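Using the sequences and the hints, build the whole thing.
First to last, the sequence lines map onto chains A and B.
Basically the working numbering = 1-based index in the first sequence + 19.
Basically the working numbering = 1-based index in the second sequence + 569.
Simulated from the structure, these hints should not be mistaken for laboratory data.
Model, not experiment: these values are computed from the prediction.
Idealized CB from N, CA, C, for every residue including glycine.
Mixed in with the good hints, there may be bad ones.
Footprint (simulated), chain B over chain A, 3 or more residues, beta carbon under 8 Å [to be verified]:
no., segment
1, 83-96
2, 122-135
3, 217-224
Some, not all, of what chain B presents toward chain A, calculated at C-beta under 8 Å [unchecked claim]:
no., residue
4, ARG669
5, ILE671
6, LEU741
7, THR744
8, ILE825
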Amino acid sequence: MTLRPRALLESAIEWALFFCAAGSILVTAGIVAVLVFETIAFLREVSIVEFLFGTVWTPLFSEKRFGVLPLVSGTVLTSLIAMAVALPAGLLTAIYLSEYAVAGLRRIVRPVLEILAGIPTVVYGYFALQFVTPLLQGFVPGLAGFNALGPGIVMGIMILPLVSSLSEDALHSVPNGLREGAYALGSTRMQTSLRVVVPAAFSGISAAAILAVSRAIGETMIVAIAAGQQPRLTLDPRVPVETMTAYIVQVSLGDTPAGTIEYRTIFAVGMLLFVSTFALNLVSTWLRNRFREEYA
Amino acid sequence: MISARYAGDRLLSSLGLLVMLLALAALSVLIYDVLHDGLGRISWAFLTSEPSRRAEAAGIYTAIVGSVYVIGLTALIAVPLGVGAAIHLEEYGVRGRLSRIIEINIANLAGVPSIIYGLLGLGLFVRALRMGPSVIAGASTLALLALPVVIISTREALRAVPKSLREGSYALGATKWQTIWYQVLPAAFPGILTGIILALSRAIGETAPLVTIGALTYVPFLPRDIWSPFTVLPIQIFAWVSRPQVAFAQNAAAGIIVLLVLLLAMNAVAIVLRDRFQKRLS
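Structure follows, in structure tokens:
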């Protein structure tokens, strides 16, 4: 009979732990519920066609227009610039560390690059606004104080460690037999790296790149600080733009009462942001799993 | 002929090295720039003064206290939940459909942009639960943000505990929970702690979700209790960066130095713990 309370306690603990784990599903459900609830309220007043395809975004002005495309173009522009920096630089770093560098260098460089990834984004925002933009103004004519170029480049530096460490993992897990085969056929190290190892790791590298894109479009503080807050449908990197994330920050800083259409815009924009990052993350996970299966 | 064949090789390796050095140079320049702009503003008065509309008199006292409050409370919420969830997934882990769904879900949550957590906090804690833009609302929001990181790193720490430890405990007649509580958790403790510190050091630098739930940018008073409005160090930095005057930019740089030192200290503790952990298991 003394066993009973013990067994009872055991199963009580197991259930408590289960609820902790299941709680994580509630978080996702909460995100979806909050976004859907406010977005539906928003779409009752604004047609979805105007929201998705309109080219003027002025919800905070007296003449309100709700076309989200200027925010989307701001997001795409800054993310493209970030990827133009992070993808080649991250991939080259990964190839160098995985195929050329001695193991000792790898052990030093990786943690240092991880520091880059651990710096708070508000610090990068300061760096973009106070250092990189003034520096660029020296040789980019017509570069405004707030622009897409400076924060885009800084964002690229921020996500570089993500690209390099995930790509390096992918390159590293390519079996050595492939490399040895290439060498045996007389390839140089470069030919082996670029024509055998990189193609073999392609799905792993794509997974890293897609995750980086998702990180870039969700990044907030760098663009909120340094890209300006002017929604503008343009791909000119020299003028102030506003991203989806920066718009949410801009509205949050003001005193927008709950229940108004201005308040609901941030949830509608958040919904768009959530759906796009979620889709990218899913594709990235799928690619990574496929890559793992290839070499498991 | 030989040298021509290897020219491409040399080109690729020097390009790789160059890019890597450039990335490291960017890190050095960032740190140099911040130190150059802000070191002159660091003083005891800066650390212990309340914010002010005059840049020279402004300090980060309320922001630091706010950060400590919020992160402390974040830890209180996220650590039991996260460690509990990790224990369930790793030790009990009924390899059923539900566990699989929970696992995929946690991986996805880790990739959700932090500002989306801010919108969740705004809709759920601030509005629906009527917490207002308070310390508890901020801490709950950051706790949800930190949760996936805590779970993932705790699971890694638990996985590193050798199976023989569990089997020995079972052989002596211990129950599942006794084995976990007296054997597995103590063995995994440094690893778990490392993960928690890393998760919290990420949370302490977060700005966007707290701005979204409505944390204030100008708070000349300390939080009295968990229902008080608050600010944190990154928000104070953000507020200063957004002002055009040079003196406020210097304040922002000084605030950044304090934030980076804080993060460095937390990471140093985590690294020391990880080293001790690895030595003991090997």
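Against the structure, the hints come out as follows:
no.: 1; hint: 83-96; in the structure: violated (count 0)
no.: 2; hint: 122-135; in the structure: holds (count 5)
no.: 3; hint: 217-224; in the structure: violated (count 0)
no.: 4; hint: ARG669; in the structure: violated (12 Å)
no.: 5; hint: ILE671; in the structure: holds (5 Å)
no.: 6; hint: LEU741; in the structure: violated (15 Å)
no.: 7; hint: THR744; in the structure: holds (6 Å)
no.: 8; hint: ILE825; in the structure: holds (5 Å)
Checked against the numbered hints listed earlier, the structure breaks hints 1, 3, 4 and 6; every other hint is satisfied.
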